[in-house]
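A.B. asks: Residue numbers (the working numbering), protein chains in the order written: chain Y, 1 to 530; chain F, 1001 to 1058.
The set of hints was computed from the structure by calculation and includes no laboratory data.
Label pairs and their computed distance ranges (CB to CB): (1) Y:Asp390 to F:Ser1012: 45 to 51 Å; (2) Y:Thr275 to F:Glu1013: 31 to 37 Å; (3) F:Glu1013 to Y:Gly453: 32 to 38 Å; (4) F:Glu1013 to Y:Leu151: 30 to 36 Å; (5) F:Ser1012 to Y:Arg137: 17 to 23 Å; (6) Y:Trp525 to F:Glu1013: 43 to 49 Å; (7) Y:Arg86 to F:Ser1012: 42 to 48 Å.
For every residue, glycine included, the Cβ atom is placed at its ideal position computed from N, Cα and C.
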Amino acid sequence: MQVVNVVRRNLFRDSIQLMKLSEEVKKLDGVDDAVVSMGTDTNRRLLQDLRLLGGEGKGAEDGDLIMAVRVRDGFDGAELMGRVERLVMAPPATSGGKRTVVLHSIGSALDRLQGANLAVVSVPGKQAYEPSMELLRNGVNVHLFSDHVPLEQELKLKKFASSRGLLVMGPGAGTSIIGGVGLGFANSVRRGEVGIVASAGTGIQEVSTMLDRIGLGVSAALGVGGTDVSEQVGGLMMKDCLDLLENDEGTKLLMIIAKTPKEVVIRDVMEHVATRTSKPVVACFLGLDPPTAKGGRLAYAKTLHSAVRKAALISGGDAESNFEERVSVNFEDLAEGSRTIASKLGPARRYLRGLYSGGTLAHETLLIFRELMGEAYSNTPLSRGFALEDPNVSKGNCVVDLGDESFTSGRAHPMIDPTLRRLRISQEAKDPKVAAILLDVVLGYGSSPDPGGALQGAISEAHKRGLAAMAHVCGTETDPQSLKEQSKKLSDSGSVLFPSNALLSAAAALVVGGDGVSERLRRKWGELLG
Amino acid sequence: MARKGAPGLIGSELVVLNIGLDIFRQALESQNVKCVQVDLTQAPVLDKKLADALDRLL
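Assemble the whole structure, with the sequences as input and the hints as a guide.
C.D. replies: Right under this line is the structure:
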């Protein structure tokens, strides 16, 4: 079979369009395999791994588009590439046969959509400021999914919004839930009385889905973006969102979730909480030791699992017993389960490899590993000494955030496109020292329609090679992918499932850690999982 | 009825402009949210008046 690459210089298609185009090209008669992608390092490496990289593709650059096809024997490569190119150059297809009206200016969109009160903005970060400011000037709140918006622009947008009583959620806000509607990557969760403010996208997803499982619902979950809790921005939008939820009659309990916040910012936010709010608060600052709790209405949690348990305790009713029944596992049972997994592993298998799609969940796992068995290597490490030299090559105990920029430049996020993670599972499975692969499978709006199914083959293959696969599904039964269906697919492929990411991480540490880890976990059980 | 400003956001119906990835428009429509798709990437090749005129014709 012949591999043909055609490169079009300076031709841009967004990562979702490219993923769909790749699927369409694969269906063409005569195509054995195909990828249409931008020419970034990550994508060229992926093409190499898939044996799809040819001469012209090797010379492609970030802004170039590569059409890479493996042509079946007996087909004319040049003729086939002509068809591929026509597909790529055609205007985007409409969905479901229904014509989608696409407008080209904010002014005309506001004219057409009377009463618009929110915009979801996901243009490249460097182009996000102007449209966001125009929206704010027109009184429209902004959920800014885009990453890499310059900090001074973020600050200008947020100050302007704050002065007008508007919200700028983001930049880099992966998830929000407002009025029961999921924005960005969000799950279908029941409505209720818990209001969440978070600078951690998958943190919202993990907490809101666990709340849903124990019968608690969300009044609103407002993602403010990771840089909101930087010193420069000072938690400006986090404080505005807390004010909003304090004044919302439907919100009875506040939850604050932050990933690696600046201590000075958190002190300020908690001062704000103390002086400006009156509702009970559960706060989880991943990677920052909690300040001393001053009042009876304030509870700190070290993990997302623990934060939900504290919310259950405060909420009362059935939530506490539901938590015990549907989420919680006791130490003895977790240790026993881990011993069973460990007993099936060969003696040379001693390392853990976390392959994550959610940045907050990857971070939580790194923190739990550090507590129980020492720091793990990562492309997003807790400290510089544990940075992977090459994010594509694991080392020792290792947690890889596949949603980090080093992997997503020019391609879709792993929650949308599972290709990179599937290949990475196969890569890790070939390492005879790997004991277990850890996976987060995140469901919800915007995510892959079948993430479990997409990983099944690679997990089964790893399982046959003698590795353990351990996973947590972050989702609900009413998510488009269905928690039950996805869990079944993962179980059928040999994965052991855990009801929270914190439990998954602790169990994995027990699998490779022996008595020392077991003793440490027993001592820290209350703060990590209680 | 949608109300302007952040306080109106929590308690009222969402009416959304989706600017960028079409996958988010699809997710909003699947949740029965009133929304329109805005694509600003073609803006540089069109005069603003012309873009607005074209949008009115759509």
